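Student: Residues 1 to 187 (my numbering) are what the sequence shown spells out, left to right.
Calculated directly from the structure, the hints in this document are not laboratory data. Quick caveat, the model's predicted, so the values are computed rather than measured. Do not rely on the hints blindly, as some may be mistaken.
Below 16 angstroms or equal to it, Euclidean Cα-Cα: the simulated EDC-like pairs (lysine to aspartate or glutamate) are [stated by the list, open to error]: (1) Lys9 to Asp42; (2) Lys171 to Asp55; (3) Lys80 to Glu182; (4) Lys20 to Asp42.
Estimated spans, in silico, between C-beta atoms of each pair [to be verified]: (5) Leu184 to Ile113: 33 to 43 angstroms; (6) Asp12 to Pro165: 29 to 39 angstroms; (7) Met79 to Met152: 50 to 60 angstroms; (8) Ala124 to Leu94: 37 to 47 angstroms; (9) Arg61 to Leu112: 34 to 44 angstroms; (10) Ile72 to Leu111: 50 to 60 angstroms.
Don't be surprised by glycine CBs; every beta carbon is placed ideally from N, CA and C.
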Amino acid sequence: MADIESLYKKEDGRILIEIKLSSVMQLFNSFDPAPFHEKELDSAAEHYIVDTVSDFPKKTRFKIIIYLPPDIATTERAMKIPAAIHNHFQYKMLVSERKFRSHFRHGRSTLLIGLTFLTIALVARQLVSVLENHILAQIFADALLIIGWAAMWEPITVILYELWPILQMKKTYEKISSMDIEILSST
Numbered sequence: 001m002a003d004i005e006s007l008y009k010k011e012d013g014r015i016l017i018e019i020k021l022s023s024v025m026q027l028f029n030s031f032d033p034a035p036f037h038e039k040e041l042d043s044a045a046e047h048y049i050v051d052t053v054s055d056f057p058k059k060t061r062f063k064i065i066i067y068l069p070p071d072i073a074t075t076e077r078a079m080k081i082p083a084a085i086h087n088h089f090q091y092k093m094l095v096s097e098r099k100f101r102s103h104f105r106h107g108r109s110t111l112l113i114g115l116t117f118l119t120i121a122l123v124a125r126q127l128v129s130v131l132e133n134h135i136l137a138q139i140f141a142d143a144l145l146i147i148g149w150a151a152m153w154e155p156i157t158v159i160l161y162e163l164w165p166i167l168q169m170k171k172t173y174e175k176i177s178s179m180d181i182e183i184l185s186s187t
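With the hints as extra help, turn the sequences into a complete structure.
Tutor: Right under this line is the structure:
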């Protein structure tokens with residue numbers, strides 16, 4: 001099977017992300033009422049760019065090439081495409097950063113709650129363990145141990161598993177927001 005890099009053209013050591021359009025507005029979400037240079041990208045275009053960047057190692061360099069019909073490629077609107085793409089991904093980067101901070105705060109608060117509950121459960125378990133000859137006391141003590149550790153499930157999930165994909169996506173958006181973008185006439 002071919003290496004993924006062989007599926008893309010290269011220029012000056014950079015992978016080219018090529019997008020061929022028949023109009024400038026094809027690149028943008030038609031429902032977004034924002035001014036042109038602040039418009040949201042069409043979700044298919046965004047996913048194509050993000051997925052391409054995500055398929056390669058982190059240190060891979062890219063360049064986005066937008067092909068437009070010759071009569072459109074030199075218009076003022078076409079020349080604003082690079083800034084619009086950069087703005088879109090800078091906004092996505094800020095949203096990811098906000099999401100990361102929110103999840104981090106949630107992780108910290110659930111960790112505090114989980115540790116408090118675990119401590120209470122372990123102390124209660126020690127008190128119940130004094131009654132070592134009673135089978136019900138032993139069952140209750142083991143249940144307290146299990147419940148205490150189950151209370152740690154959410155903080156562990158958030159801190160160990162949910163934060164890192166958000167941070168990785170933020171880095172991807174940051175990388176895309178600073179890529180070189182070139183507008184060319186399609187032939």
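Student: For every hint, state whether the structure bears it out.
Tutor: So, going through the hints one by one against the coordinates:
1. Taken as a hint, the Lys9 and Asp42 pair is broken in the structure, with Cα atoms around 23 angstroms apart against an allowance of 16 angstroms.
2. Among the hinted pairs, Lys171 with Asp55 is consistent with the structure: their alpha-carbon atoms are about 14 angstroms apart, no more than 16 angstroms.
3. Of the supplied pair hints, the one linking Lys80 and Glu182 holds, its CA atoms being roughly 11 angstroms apart against a limit of 16 angstroms.
4. Between the alpha carbons of Lys20 and Asp42 the distance comes to roughly 14 angstroms, so the proposed pair stays at or under 16 angstroms and holds.
5. Take Leu184 and Ile113: their Cβ atoms lie about 56 angstroms apart, and the range 33 to 43 angstroms is violated.
6. In this structure the hint that Asp12 and Pro165 lie 29 to 39 angstroms apart at CB holds, the actual value being about 31 angstroms.
7. Separation of Met79 from Met152 is about 54 angstroms and conforms to the stated range, judged on CB atoms against 50 to 60 angstroms.
8. Taken as a hint, the range 37 to 47 angstroms holds for the pair Ala124 and Leu94, whose Cβ atoms sit roughly 45 angstroms apart.
9. Taking the beta carbon of each, Arg61 and Leu112 are about 42 angstroms apart, inside 34 to 44 angstroms as hinted.
10. The beta-carbon spacing between Ile72 and Leu111, approximately 54 angstroms, falls within the hinted interval of 50 to 60 angstroms.
In terms of the numbered hints stated before, the structure departs from hints 1 and 5, listed from lowest to highest.
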